[in-house]
Amino acid sequence: MTQTVTGALAMDEAGIEPDDVRPAGPRERRRPGLPTIYWVVIGITLLPIVAMIAYSFNVAPHHRITYVWHGFTADYYLHLTDLAGLWQAFIVSIVVALASAAISVVVGTPLALALERFRFLGRRVVSGIVFVDIAAPSIVVGAASLSFFLTVNLHTGFLTILLVHVSFNIAYVVVTLRARLSGMGTVLEEAAADLGARPLTGFFAVTVPLLMPGIVASFLLALAMSIDDYVITSFVAGSSTTFPLFVYGVKTGLPPQVLCFGTIIFVVGLLLAFLNGAINRRGRG
Amino acid sequence: MTTIDTTRITLPPAPLKGRGRLRRMSVPYFLALVGSAWMIILFLIPLISELLVSLMTGNVEAGYHLSWNFGVYAQLFGPHADVPYALFLGRSLLYGATATVITIIVGYPLAYFIAFRVKDRWKTPLLSLVMISFLVSFIIRTDMWVFLLGAQGPVISFLHGLHLVGPDFHLLGTSGAVIGGLAYNDLPFMVLPIYVALERIDPRIFEAGADLYGSPRAVFVKTTLPLSRSGIFSGILLVFIDCVGDPVNAQLLGGKATYTLGQAIQDVYLTQQLYNVAAALSTVLMVALGIILFAYARIFGTDNIEDLV
Numbered sequence: 001m002t003q004t005v006t007g008a009l010a011m012d013e014a015g016i017e018p019d020d021v022r023p024a025g026p027r028e029r030r031r032p033g034l035p036t037i038y039w040v041v042i043g044i045t046l047l048p049i050v051a052m053i054a055y056s057f058n059v060a061p062h063h064r065i066t067y068v069w070h071g072f073t074a075d076y077y078l079h080l081t082d083l084a085g086l087w088q089a090f091i092v093s094i095v096v097a098l099a100s101a102a103i104s105v106v107v108g109t110p111l112a113l114a115l116e117r118f119r120f121l122g123r124r125v126v127s128g129i130v131f132v133d134i135a136a137p138s139i140v141v142g143a144a145s146l147s148f149f150l151t152v153n154l155h156t157g158f159l160t161i162l163l164v165h166v167s168f169n170i171a172y173v174v175v176t177l178r179a180r181l182s183g184m185g186t187v188l189e190e191a192a193a194d195l196g197a198r199p200l201t202g203f204f205a206v207t208v209p210l211l212m213p214g215i216v217a218s219f220l221l222a223l224a225m226s227i228d229d230y231v232i233t234s235f236v237a238g239s240s241t242t243f244p245l246f247v248y249g250v251k252t253g254l255p256p257q258v259l260c261f262g263t264i265i266f267v268v269g270l271l272l273a274f275l276n277g278a279i280n281r282r283g284r285g
Numbered sequence: 001m002t003t004i005d006t007t008r009i010t011l012p013p014a015p016l017k018g019r020g021r022l023r024r025m026s027v028p029y030f031l032a033l034v035g036s037a038w039m040i041i042l043f044l045i046p047l048i049s050e051l052l053v054s055l056m057t058g059n060v061e062a063g064y065h066l067s068w069n070f071g072v073y074a075q076l077f078g079p080h081a082d083v084p085y086a087l088f089l090g091r092s093l094l095y096g097a098t099a100t101v102i103t104i105i106v107g108y109p110l111a112y113f114i115a116f117r118v119k120d121r122w123k124t125p126l127l128s129l130v131m132i133s134f135l136v137s138f139i140i141r142t143d144m145w146v147f148l149l150g151a152q153g154p155v156i157s158f159l160h161g162l163h164l165v166g167p168d169f170h171l172l173g174t175s176g177a178v179i180g181g182l183a184y185n186d187l188p189f190m191v192l193p194i195y196v197a198l199e200r201i202d203p204r205i206f207e208a209g210a211d212l213y214g215s216p217r218a219v220f221v222k223t224t225l226p227l228s229r230s231g232i233f234s235g236i237l238l239v240f241i242d243c244v245g246d247p248v249n250a251q252l253l254g255g256k257a258t259y260t261l262g263q264a265i266q267d268v269y270l271t272q273q274l275y276n277v278a279a280a281l282s283t284v285l286m287v288a289l290g291i292i293l294f295a296y297a298r299i300f301g302t303d304n305i306e307d308l309v
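Heads up: the protein sequence lines correspond to chains A and B, in order.
Each residue of the first sequence is one higher than the one before, starting from 1 at the first, in the numbering used here.
Each residue of the second sequence is one higher than the one before, starting from 1 at the first, in the numbering used here.
In case anyone wonders, no lab produced these hints; they're calculated from the structure.
Using N, Cα and C, we set each Cβ at its ideal position, and we do this for glycine too.
Errors might be hidden in some of the hints.
Just so you have them, the derived chain B footprint on chain A, three or more residues with Cβ under 8 Å [said to hold, decoys possible]:
no., stretch
1, 32 to 39
2, 102 to 115
3, 138 to 145
4, 150 to 163
5, 169 to 181
6, 229 to 241
7, 258 to 266
Take these sequences, add in the hints, and give me the full structure.
Structural data, given as structure tokens:
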């Protein structure tokens with residue numbers, strides 16, 4: 001009560017009408033501006049996704065997607081392998097994605113630990129390389145990688161795709177895990193050491209389980225980054241073709257099977273995201 | 001009470017001598033060895049040697065040799081260049097900058113809405129919805145826009161139906177389509193870091209601002225905006241670099257008049273096979289980006305750049 005009085009007095013002195021002063025929170029919450037912007041943007045975001053899913057079920061008389069709706073069919077999902085080259089490219093992409101994600105997690109996890117938990121000579125330099133690896137434009141990385149492979153006479157193909165995908169994925173793994181490690185602190189590891197655990201025992205009994213959600217998340221991120229990369233891969237692919245390269249190479253309208261594979265990747269990605277979220281929630285609860 | 005930086009303490013305080021100590025000291029090097037070596041050999045060395053490749057002369061058949069041909073830069077970007085690479089670079093930078101500004105204008109309200117205007121349990125789902133386009137292959141996403149924005153496509157038909165545009169109106173092949181594609185594809189890269197920065201702000205600051213008779217606008221301009229600066233900077237870093245170098249949006253959504261440096265690098269390298277020219281173009285792109293971002297960081301001030309990604 002007194003507060004209101006002094007507040008009113010202060011406002012009076014300052015020449016402010018009480019009506020002009022409103023608490024920032026509740027009043028603004030009623031304004032529809034922000035939610036409207038949000039949902040309009042999400043609508044636009046979903047537009048090409050919905051179109052992709054819908055047109056993957058549309059009958060395409062000339063094996064190219066058309067604007068006209070010719071009728072619903074799941075036929076293209078049953079004949080995914082009909083389009084020469086597409087499913088082979090898809091398999092290459094899946095294999096590269098799984099292998100590069102696995103290797104980059106195996107190589108990147110110790111590196112993240114070293115950078116986050118130790119001081120050593122060259123720490124800042126390595127940390128800087130990780131940063132540049134993420135920041136550098138793909139087009140430059142692709143061109144540079146191809147120059148390098150030509151210089152060392154390494155035949156471009158599956159192997160070079162894998163090598164390059166690992167080297168950009170390591171950076172994503174390191175950044176994801178460092179964030180996780182710095183949030184974790186070292187209290188539990190110290191407790192393990194106090195209880196007589198050797199460093200290696202402590203590492204496998206405490207650090208790895210705590211880090212597991214981060215490892216899974218960085219694996220999934222690496223998977224997504226690899227399967228989606230077009231620019232860098234276009235330089236180092238040689239005669240190999242990945243899924244994005246195949247899709248990019250289609251000149252006269254998309255074949256419906258491309259949309260089927262796109263939809264499959266989308267649904268699997270969605271499931272993995274949900275699964276990861278659900279497991280994390282259970283782990284916390 | 002003194003605070004101890006626990007993140008830096010890893011060794012149990014047992015005294016270590018001789019070989020044990022040496023072994024302990026070598027641990028980080030073992031941990032970092034493979035990953036660092038991989039990135040140095042397959043990322044850093046190629047990146048730096050690209051500069052040397054640009055100074056070579058030769059051709060694909062006869063091979064290239066290092067001749068310290070600095071003239072290539074004047075030849076490509078000078079006033080007598082055969083192909084207007086300087087124009088392509090300028091166009092790339094302009095497209096990248098415009099797309100970045102659009103992602104800030106669109107992305108900031110999104111991040112703000114999720115950070116401050118919804119209940120906690122809705123934050124993750126709403127944020128995931130922003131990032132949902134990442135689950136669709138980048139090329140397909142862009143190809144679907146080509147499909148939707150095409151001359152007979154639904155967007156143009158809709159605009160025709162409302163008599164908003166003339167019969168010759170088209171979207172594909174225009175700068176607008178390319179910039180829109182860039183902004184669409186990179187919007188999540190802007191929303192995410194801004195959201196993270198906004199989430200860190202203590203909401204009591206708004207109360208303090210309101211208690212001090214700050215209008216909502218003043219509170220926003222004087223506290224929220226400065227406190228989210230690091231997020232905006234990370235977003236700019238990610239979006240601007242990615243957009244300036246991107247060849248895909250310009251290739252698929254653009255036309256002859258929207259040719260960018262990214263496309264030029266790809267064509268010169270993969271089609272014309274002029275390796276030294278491609279290397280020179282990508283070196284110029286890297287340097288231009290470096291200068292712009294460094295200048296931005298100096299003018300607007302930022303913390304340690306590495307911490308921002």
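For each hint, the structure was consulted:
Given as covered by chain B, the stretch 32 to 39 of chain A passes the check, having 5 residues with a CB less than 8 Å from a CB of that chain where 3 are the minimum. Requiring three or more residues with a Cβ within less than 8 Å of a Cβ of chain B, the coverage given for the stretch 102 to 115 of chain A holds, as 7 such residues are present. As drawn, the stretch 138 to 145 of chain A meets chain B at 7 residues by the rule of a beta-carbon pair under 8 Å; at three or more, the given contact holds. Check result for the stretch 150 to 163 of chain A against chain B: holds, 3 residues qualifying (beta carbon to beta carbon below 8 Å, three or more required).
Only residues whose C-beta sits within less than 8 Å of a C-beta in chain B count toward coverage, and the stretch 169 to 181 of chain A has 4 of them, enough to reach three; the restraint holds. Three residues within the 8 Å Cβ limit are the bar, and the stretch 229 to 241 of chain A against chain B gives 4, so the coverage statement holds. Counting residues of the stretch 258 to 266 of chain A whose C-beta lies closer than 8 Å to any C-beta of chain B gives 5; at least three are required, and the coverage claim holds.
In summary, this structure violates none of the numbered hints.
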